[in-house]
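Number of protein chains: 2
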Amino acid sequence: MLDRLCIIGVGLIGGSVALAARSKGLAREIVGVDRDPGTLRQAKALGAIDVGFQTAAEGVYKADGVVIATPVGKVQAVFEALAPVWSTQAFYTDVGSTKTNVVRAAEHVFGKMPANFVPAHPIAGRELSGVEAALGDLFESKRLILTPVPETDVRMLERVRGFWQALGAEVHDMSVTHHDHVLAATSHLPHVVAYALTHLLGRKDEKDEIFQYAAGGFKDFTRIASSDADMWADICLANAAEITALLRRFEGELHDFGHLLEGGDRSAILHYFAEARSARQRFLDRYRDTS
Amino acid sequence: MLDRLCIIGVGLIGGSVALAARSKGLAREIVGVDRDPGTLRQAKALGAIDVGFQTAAEGVYKADGVVIATPVGKVQAVFEALAPVWSTQAFYTDVGSTKTNVVRAAEHVFGKMPANFVPAHPIAGRELSGVEAALGDLFESKRLILTPVPETDVRMLERVRGFWQALGAEVHDMSVTHHDHVLAATSHLPHVVAYALTHLLGRKDEKDEIFQYAAGGFKDFTRIASSDADMWADICLANAAEITALLRRFEGELHDFGHLLEGGDRSAILHYFAEARSARQRFLDRYRDTS
Chain A
119 MLDRLCIIGV GLIGGSVALA ARSKGLAREI VGVDRDPGTL RQAKALGAID VGFQTAAEGV
179 YKADGVVIAT PVGKVQAVFE ALAPVWSTQA FYTDVGSTKT NVVRAAEHVF GKMPANFVPA
239 HPIAGRELSG VEAALGDLFE SKRLILTPVP ETDVRMLERV RGFWQALGAE VHDMSVTHHD
299 HVLAATSHLP HVVAYALTHL LGRKDEKDEI FQYAAGGFKD FTRIASSDAD MWADICLANA
359 AEITALLRRF EGELHDFGHL LEGGDRSAIL HYFAEARSAR QRFLDRYRDT S
Chain B
119 MLDRLCIIGV GLIGGSVALA ARSKGLAREI VGVDRDPGTL RQAKALGAID VGFQTAAEGV
179 YKADGVVIAT PVGKVQAVFE ALAPVWSTQA FYTDVGSTKT NVVRAAEHVF GKMPANFVPA
239 HPIAGRELSG VEAALGDLFE SKRLILTPVP ETDVRMLERV RGFWQALGAE VHDMSVTHHD
299 HVLAATSHLP HVVAYALTHL LGRKDEKDEI FQYAAGGFKD FTRIASSDAD MWADICLANA
359 AEITALLRRF EGELHDFGHL LEGGDRSAIL HYFAEARSAR QRFLDRYRDT S
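Chains as they are written, first to last, in my numbering: chain A, 119 to 409; chain B, 119 to 409.
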């Protein structure tokens, strides 16, 4: 059990870490750090944190576990705030959806990756944001990727692994670059595509009022375009190279499908759709394992 | 009340028409037509139809209302089967997701659009298919588009409107070409994009096993890629010109976004995402009206 768990950034994910740690009894005291005092009040009212501070340096005082749960664009500033008060005894982990940029930020601030910072990415989220959307079971049976680096202390790695497992997550290890490559495909590209489609159709709706003739499938398809725009701007910039490469491939995919359609070859189109359908079935079979 | 309602094609939509007509007491007798005797048995067992036939000519005997609910690719063959037994007293309607091809097929078979055939498209569906997925309330408070043509008899138009309204639908009128233009955007393009994305990532999964690291958002986003491949091949071919034009625009949209990303202009990316998010909110506000 931790004496003092500090969560920096008490939004959807940070708040959910707090609620989960609370309900699993993982920490004697939970401290929240957020620049917004209203968020800290709300987190206290929800029972997520015991006490709140507006600066990371205050919040981490005597903490033996620290979770950085700010948007990925803010991580470097958090490292800068933590550097003067960095403890070699505590473990540090984060929740960023991109990992190369987090590791680079740490290397930039500390000169090299601190041995007790273990980057993490819980594959869990909601299209809602803010501590009011936090759930104590958000990580339950969800996959979580740890991306240790050569500098990572093995005991710290195991402590962080144990922490996330205790929150209910199924923990996998992966290299930093492989993480960003995989997540560009499974998460970042789909978000960009959903945003782009909704953007295109939104302009069409202004002219033609098409949205009133959209069905439930459209609602599901575009749900992720309701994700937090600020957070996703950071994620896209942090993983821009991987996302751009995949975007080019996807443009090619659409272009090829357009040719199939213009060619009017029904059996080729049917085959294409059937392949996609069976790929999704394969995804569902795996997804069901943990959800 | 109808004496005899005949439903040609007893799948998800045809079966739902039957169940809804039954529960609303719209017909003394409901006849199903399907080439598959197993489907007819199942439809009878579900209480959707009273009697089943394997040919349209048998099924429409003495029917005063006929709903053509086969996949859009089969509509011309249905018209050909109905031509020798066409009644001028009954109303005919269909449920096709594309309308230009249905009207063309009717013109081809009958020389001109029959005055008592009123094309319809209920904006309702599920990613499941088959009569076993049919729901008696599938059309309840859902929009339904009628695309009458100059040849359409006004009294028949009103009878068909009344029929669909009695099934619970909110009926709108639209021209044939405007329907296909609007639905290409709200339904056909999203389906093609979901199929194409799932197709691309499916191949990536074969190599890199990425699907196990996909989250709930991916599940929603790709749900429509589990739609019936056969039906969607027909829809895409029937509305190929509109879909291809939109695909080209969407490729351009992705290309432009790729430039934004490469340029690294955070405020432009944020603005782009925020616009998409507010467009989706506008969609949800309208969608909530009827769902």
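Everything labelled a hint here was simulated from the structure, so no lab data went into it. Glycine included, C-beta positions come from ideal geometry on N, C-alpha and C. Worth double-checking, as some hints may not be accurate.
[Said to hold, decoys possible] Here are some of the chain B residues that sit facing chain A, going by a computed Cβ distance under 8 Å:
#1 Trp204
#2 Glu258
#3 Tyr313
#4 Leu315
#5 Gly320
#6 Lys325
#7 Phe336
#8 Arg366
#9 Gly376
#10 Ile387
#11 Ala394
#12 Arg395
[What the hints assert, rightly or not] No more than 25 Å apart at the CA atoms, straight line, and that leaves these computed lysine-lysine pairs for BS3-like:
#13 B/Lys180 x B/Lys192
#14 B/Lys180 x B/Lys162
#15 A/Lys325 x A/Lys142
#16 B/Lys337 x A/Lys337
#17 A/Lys192 x A/Lys230
#18 A/Lys180 x A/Lys162
#19 A/Lys192 x A/Lys162
#20 B/Lys325 x A/Lys260
#21 B/Lys142 x B/Lys260
#22 A/Lys142 x A/Lys180
#23 B/Lys142 x A/Lys260
#24 A/Lys325 x A/Lys337
#25 B/Lys142 x B/Lys180
#26 B/Lys260 x A/Lys337
#27 B/Lys260 x A/Lys325
[Claimed, not checked] The following label-pair restraints were derived from C-beta to C-beta distances:
#28 B/Ser141 x A/Gly280: 51 to 57 Å
#29 B/Glu327 x A/Ala392: 33 to 39 Å
#30 B/Glu393 x A/Glu380: 29 to 35 Å
Going down the list of hints, with the structure as the test:
1. Among the interface hints, the one on B/Trp204 is violated; its C-beta lies about 28 Å from the nearest C-beta in chain A, farther than the 8 Å criterion.
2. Taking 8 Å as the C-beta cut-off, the interface hint given for B/Glu258 is violated, the closest approach to chain A being about 13 Å.
3. Satisfaction of the interface hint for B/Tyr313 is found here, the shortest Cβ-Cβ separation to chain A being roughly 4 Å, below the 8 Å cut-off.
4. Given the 8 Å rule on beta carbons, the hint for B/Leu315 holds: about 6 Å separates it from the nearest Cβ of chain A.
5. Annotation: B/Gly320 was flagged as interfacial toward chain A, and the flag holds, the nearest CB pair being 3 Å apart, inside 8 Å.
6. Interface hint status for B/Lys325: violated, as the beta-carbon distance to the closest one in chain A is roughly 11 Å, over 8 Å.
7. Annotation: interface hint on B/Phe336 holds; nearest CB of chain A at approximately 6 Å, less than 8 Å.
8. Below 8 Å, beta-carbon pairs count as interface contacts, and B/Arg366 has one with chain A at about 7 Å; its hint therefore holds.
9. Restraint check, B/Gly376 versus chain A: the minimum CB separation of about 5 Å is within 8 Å; hint holds.
10. A distance limit of 8 Å between C-beta atoms decides the matter here; for B/Ile387 the minimum to chain A is near 5 Å, and the interface restraint holds.
11. A cut of 8 Å between beta carbons decides the hint on B/Ala394: the least distance to chain A is about 4 Å, and the hint holds.
12. Annotation: interface hint on B/Arg395 holds; nearest CB of chain A at approximately 5 Å, less than 8 Å.
13. Of the pairs offered as hints, the one joining B/Lys180 and B/Lys192 holds, with about 23 Å between alpha carbons and a cut-off of 25 Å not exceeded.
14. Between the alpha carbons of B/Lys180 and B/Lys162 the distance comes to roughly 20 Å, so the proposed pair stays at or under 25 Å and holds.
15. Between the alpha carbons of A/Lys325 and A/Lys142 the distance comes to roughly 52 Å, so the proposed pair goes past 25 Å and is violated.
16. Taking the CA atoms of B/Lys337 and A/Lys337, the gap is near 13 Å; set against the 25 Å cutoff, the hint holds.
17. Distance check on the hinted pair: A/Lys192 and A/Lys230 sit about 19 Å apart at the alpha-carbon level, within 25 Å; holds.
18. Under the criterion of a C-alpha separation no larger than 25 Å, the hint pairing A/Lys180 with A/Lys162 is consistent with the structure, at around 20 Å.
19. For the proposed pair A/Lys192 and A/Lys162, the alpha carbon gap of about 23 Å is at most 25 Å, so the pair holds.
20. Between the alpha carbons of B/Lys325 and A/Lys260 the distance comes to roughly 23 Å, so the proposed pair stays at or under 25 Å and holds.
21. For the hint linking B/Lys142 to B/Lys260, the alpha-carbon distance of about 16 Å falls within 25 Å, and the restraint holds.
22. Only pairs whose Cα atoms come within 25 Å are accepted, and A/Lys142 paired with A/Lys180 is accepted, the gap being roughly 21 Å.
23. Distance restraint check for B/Lys142 and A/Lys260: the Cα-Cα separation of roughly 45 Å exceeds the 25 Å cut-off, and the hinted pair is therefore not satisfied.
24. For the given pair, A/Lys325 sits about 20 Å from A/Lys337 by alpha-carbon distance, which is consistent with the 25 Å threshold.
25. Between B/Lys142 and B/Lys180 the alpha-carbon distance is near 21 Å, which keeps this suggested pair within the 25 Å criterion.
26. For the hint linking B/Lys260 to A/Lys337, the alpha-carbon distance of about 14 Å falls within 25 Å, and the restraint holds.
27. A hinted pair counts as satisfied when its Cα atoms are at most 25 Å apart, and B/Lys260 with A/Lys325 qualifies at roughly 23 Å.
28. Between B/Ser141 and A/Gly280 the beta carbons are some 56 Å apart, a value that agrees with the proposed interval 51 to 57 Å.
29. Distance hint check: the CB atoms of B/Glu327 and A/Ala392 are about 21 Å apart, inconsistent with the given range 33 to 39 Å.
30. Range check, B/Glu393 to A/Glu380: about 31 Å between beta-carbon atoms, so the 29 to 35 Å window is met.
Comparing the model with each earlier hint shows violations of hints 1, 2, 6, 15, 23, 29; every other hint is respected.
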